[in-house]
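Line order of the protein sequences matches chains A and B.
Residues 1 to 235, numbered by our numbering, are exactly what the first sequence covers, in order.
Residues 1 to 237, numbered by our numbering, are exactly what the second sequence covers, in order.
One thing to keep in mind: the hints can contain errors.
Stated by the list, open to error - Label-pair restraints from in silico Cβ distances:
#, chain 1, residue 1, chain 2, residue 2, range
1, A, TRP26, B, PRO19, 24 to 34 Å
2, B, ARG92, A, GLY126, 54 to 64 Å
3, B, ALA115, A, ALA120, 40 to 50 Å
4, A, ALA218, B, PRO19, 51 to 61 Å
5, A, ALA218, B, ALA37, 48 to 58 Å
6, A, ARG75, B, ARG207, 51 to 61 Å
7, B, GLU121, A, GLU129, 26 to 36 Å
8, A, PHE193, B, ALA103, 33 to 43 Å
9, B, PRO86, A, ALA120, 33 to 43 Å
Unchecked claim - Just a few of them, taken from the derived set where beta-carbon distance is under 8 Å, the chain A residues facing chain B:
#, residue
10, ILE76
11, VAL80
12, GLU101
13, ALA102
14, PRO105
15, THR107
16, THR136
17, SER169
18, GLY172
19, MET176
20, ASP208
21, LEU216
In case anyone wonders, no lab produced these hints; they're calculated from the structure.
All of these numbers come straight from a predicted model, not from anything done at the bench.
Ideal Cβ positions, reconstructed from N, Cα and C, are used throughout, including at glycine.
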Amino acid sequence: MRCHAMPDVPGRRKPTASEDFIRGLWKENPTFVQMLGMCPTMAITNSVKNALAMGLATLVVQFGSNVFVSMFRKRIPNEVRISTYILIIATFVQIVDIGTEAIVPETHRALGAFIPLIVANCLLLGRQEAFAAVNTVWRSALDGLGMGLGFTFGLTTVGTVREILGSGSWLGFRVMPASFEPWAIMNMPPGGFFAFGLVLLSFAWWKDRQKRRAALDAAITAPPLARPILEEASV
Amino acid sequence: MSATAASPRELPVMDDAVPSWRLLLTLTVAGAMAGLAVVVLYDATLPRIEGYKAGVLRAAVTEVLHAPAHADTLWLRGGALTAARPAEDEARKTERVYLGYDANGRPTGYALSVAEPGFSEQMHLLIGYDAARHELLGMKVLESKETPGIADDIQRPVFTGQFTGRRAPLAGIKSADRERAASDPSAVVMITGATISSRAVLRGINRTIEHWQPYLDAYRPEPATAPHAARADGGRN
Chain A
1 MRCHAMPDVP GRRKPTASED FIRGLWKENP TFVQMLGMCP TMAITNSVKN ALAMGLATLV
61 VQFGSNVFVS MFRKRIPNEV RISTYILIIA TFVQIVDIGT EAIVPETHRA LGAFIPLIVA
121 NCLLLGRQEA FAAVNTVWRS ALDGLGMGLG FTFGLTTVGT VREILGSGSW LGFRVMPASF
181 EPWAIMNMPP GGFFAFGLVL LSFAWWKDRQ KRRAALDAAI TAPPLARPIL EEASV
Chain B
1 MSATAASPRE LPVMDDAVPS WRLLLTLTVA GAMAGLAVVV LYDATLPRIE GYKAGVLRAA
61 VTEVLHAPAH ADTLWLRGGA LTAARPAEDE ARKTERVYLG YDANGRPTGY ALSVAEPGFS
121 EQMHLLIGYD AARHELLGMK VLESKETPGI ADDIQRPVFT GQFTGRRAPL AGIKSADRER
181 AASDPSAVVM ITGATISSRA VLRGINRTIE HWQPYLDAYR PEPATAPHAA RADGGRN
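Kindly generate the complete structure, drawing on both the sequences and the hints.
Right, here's the structure in full:
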């Protein structure tokens, strides 16, 4: 039987458990770095509550499907792997759909059609193919948890910008003065693009600033002979 | 024989090719396990989900009929409305309306369920209706998956509040003609940017009233529907 198997790369250090977990949270954040799952990012982030609920629903699906795909990775033939992964993802989406309707019906009502659409989130199948299909259950679980939390963080960040500017509140609590005129467009899908662009711009600016500072610190602390080269590099 | 002259029969076959039965078995087992998990969860949560929906329906009946003293479920059987409840299996498929009564046992209006496709999916509404005066008593959205931030305005009081006292059939007007709503008893101001959803609401209400009006006109309360015997069943029965 031909199954997916990750080739061992000689000399490459095996990532630690914490690296598997943190990767999705920051370094390979699904929303801000990989830019996956844009449909829910634009559609349901008009409030922090909806963004949190969608993020957590996706987290459960990502975690569960990662664990199951990894668990059965040696039993699933390569030829039917996509069908099987989609089936596993769809099952978890259905479980989350029924579960939220039974446990938190109001939230289920607010999320409307977006929970079933989790099945079409390319982040999920992407992680099955790239990670869960070639790694152990433990590492896949950590990856699923990290990616899910990273996605939740991404949605919540965009939701924060939109809710504050669009409604003057955060998680339903009023945070802007009464004189503040809400930006109605922030509650509409175009507002999602504006807010997302704003957040991306802030992240890019912040990362660039960090990079410049690091280069400057390196230039200052470097030995005198190396200094001119580093100063040149930091310009 | 050279390699280029080899017939398809002589082409090398991959040693690790998976037999078809194994592929089929993998998909069958995965499908069966998925099906089992979903059905078990569905069965386990169904009473809770139905209980919640029944509660929402009871609250909606109370709201659209303006807090009646009690309400009765009427079933459409044999081309007429009756208070006699069908058997369990039949009851699930039977169309029904809810009739509200005041404290003196006088009918105050009917609550009618409306289902109409909106922009995204089927919308479910409940309307309060005075069949004798052809007048709406209220409207409540029970379920809607319309676009968040735009078309979900159909659930807000600024839209739902307009229906009370409007005469059927309803006519949608643009917000620019808002003044017309004061003089036209059938006019309802649509939501700017959510025309399809607003139209769907009006279309669904008009269609539902058109469907039920003959049955409501023909219905005469039966002795069995005396106040003490009547109740809103919340849609479960």
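**Study point:** Violated hints - listed by number, lowest first
**Key:** 1, 2, 3, 8, 15, 16, 17, 18, 19, 20, 21
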